[in-house]
Amino acid sequence: MASAEVHDKIEDLKPPVIQVGVIGWIRSNLFNGWLNSLLTLVTLYILIKTVPPFIRWAFLDAAWNTSGQACRASQGACWSVVTKNLRFIIFGFYPYHLHWRPLLAMIMLFVLLFLSRERTNWKPWLFYSWLVGLAAMGLLMRGGLLGLEPVESSQWGGLPLTLLLSVFGLAAAYPLGVVLALGRRSRMPAIRYLCVVYIELIRGVPLISLLFMASIIFPLFLPEGLTINKILRAQVAIILFTAAYIAEVVRGGLQAMPKGQYEAAESLGLNYYQTMRLVILPQALKIVIPPTVSILISAFKDTSLVVIIALFDVLKTTQSVLSNPEWMGFSREAYIFLALLYFLGCFSMSNYSRKLEKELSAGEL
Amino acid sequence: MSRQEQAAASDPFWLDPGKRAIAYQVGVLCMVGLLAYYLVSNTLTNLEKQNIASGFGFMQKEASFEIGESLIPYSAADSYGRALLVGALNTLKVSFIGIILTTLLGTIIGIARLSSNWLVSRMAALYIEVMQDVPVLLQLFFWYAIFYETLPSPRQALNPFSGVFLTNRGVAMAVPAAHPCHKYMLAAFITACVLAYLLRRWARKRQEATGRYFPVVPVSVAAIIGLPLAVWFIFGAPLEMDVPRLQGFNFKGGITLSPEFIALLLGLVLYTAAFVAEVVRAGIQSVSKGQTEAAMAIGLKPGQVLNLVILPQALRVIIPPLTSQMLNLTKNSSLAVAIGFPDFVSVANTTINQTGQSIEGVALIMAVYLIFSLSTSAFMNWYNKKVKLVER
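Listed in order, the protein sequences are those of chains A and B.
Counting in my numbering, the first sequence runs without a single skipped number right up to 456 at its last residue.
Counting in my numbering, the second sequence runs without a single skipped number right up to 450 at its last residue.
These are computed hints drawn from the structure, not numbers from a lab.
Check before you lean on any hint, since a few could be wrong.
To be verified - Simulated restraints on C-beta separations:
#1 A:355 x B:346: 29 to 37 Å
#2 B:354 x A:360: 54 to 62 Å
#3 A:208 x B:315: 40 to 48 Å
The C-beta atom is built at its ideal place from N, Cα and C for all residues, glycine as well.
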């Protein structure tokens, strides 16, 4: 084949240096067009004006573990308000020598949460370990059994109380919410209307009014001589509140189920209870996992409202530290610490929800 | 008689689903009724023991407590009813201003989140993540603490712009001094709004009939800004300002916003704006790019593309969650009680503490918020019906 010529491969022209690498990235992401360039410059200016002074205040000039007097003398942030009072902020009025018990309970909770992260672990043993774990946590907090010193619930406080209110709140609100959602979709008018009225009533009022109800009115509802402690009353209010929101989320899942699923289950001869338990709920609850997690997040944030009815959750313990004359005036530092605490909790949950969403939608394709 | 009916007639009643359903419902209703009866009878016994007269008679009595800020004249000698009205108006005030600011800020952040500018988009994402993950109550406490701890007393007031003073007693601002022309300017503004609405209707009708396009938006904006301005010029453009002046320990003149109000507004707006930003982002992303391209292909101008194609579709996605965020803001404004802003819950709480009418007080709180929520959801249902996709 004489005509076969051998072509030398001409070297590809390299793209201009301003389109690739760091410079290219900066050009296409920060300076494409005059508007974006202006925005970038303005943002950079604001960042330069705010970030270095903040770092100086929060880290370089900060007092980390000094007395309140020493703090007042320094220019920077006074993190001593947190470090010096950390045990009170975290545990509240829980007897000092027994702090290991709520600490152990919290560690158990975190281990359980960590185990529940992986969907491959969602098996019966995890459910049972949650049951055992919750009981053990309650025992650790209360004491009175197995040689543990009893601790009155009026002495509970701080972070364990915040976690307790949110974890038990959700654990109890979830089944109630599912029942309410089923009730709202029921064919029986009396039950349907009861559920609709309940859900709309609760969703229409602020949580704080329910907390007021729990703290002032609820004692009037009970026969004389019977009293229920304040934490439990607030817990009931949080459960009733969260359940209404969960019911609406679950209803969304139920409505997303194609009608064929109901008909198929019926044609197999399953009754209502079996249809729901074996066919509808497993699928419906699976689709609504991401919105359920966001309800968990808001329930966690909403527990801070118990401050208003004077329960010593982690926000209230911080405030009582701040009312101590030695530490007066350092609210910013203390609140930033708390914000960090809440942020870590909520951020890991929302991150988890995003991961889960990805996994679940990957399963469908 | 068909076989089925025969079977139904001979079966015992518990095998008939219809009758069983009735039995269930009667059972549930009986249980709820019994529970209600039990609670009510307990409550009545307890109230009798504590000598509390139930009913709303206390509303006529003298309140004898002061309220820091009020939209209507109020003094401690007025009745509880009026005090509660003051509280309700304060709630409405903070919610109304909050909703407007939140919508603006949330939209800006939502658009910034979608910006092609990496830095701007990252900053918006950071803002959304941080604000969503910190409880709003904590944010309120934080802003309030910033106010009373970091800002100086009125004597050393910060003066960032002329006419604005920042102190730990609040923000004092200069406002235009009262002048009779303001009434007419307001009238002109309202007239312009009505005119703009009528113009829009007329333009749409004409376009449907003849196909001719009328630039409604620029003309309306010009009218809404121009008419009040024209009135202002007719009155000789009064420029006199009512500037706050230090008198004794505080500022007099101008308007003063209390630290509680500002902390509440700031906390609610910054918190809710993060959620609104996510709503706006989702709404804009829900309109596929093909829609823009198709609209351009049939020759619409960019403004028309936005107005006629993108917005109607994006708003259908945005409005329902947006309303629920607005409702959340209104409900969260009840946290004012924690920092001492006299909103409805705070006034009702004081009333409960003074009169002991806890049931009536909490019932009033719930009723007021329920009215807000139910009227909002009625609006939502109407809106959803209006914008529902008409499918074949």
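The hints, checked one at a time:
At roughly 34 Å, the beta carbons of residue 355 of chain A and residue 346 of chain B sit within the given window of 29 to 37 Å. For residue 354 of chain B and residue 360 of chain A, the Cβ-Cβ distance of about 57 Å falls inside the hinted range of 54 to 62 Å, so the restraint holds. Checking the proposed 40 to 48 Å range against residue 208 of chain A and residue 315 of chain B shows it holds: the Cβ atoms sit about 46 Å from each other.
Taken one by one, the earlier hints all hold for this structure without exception.
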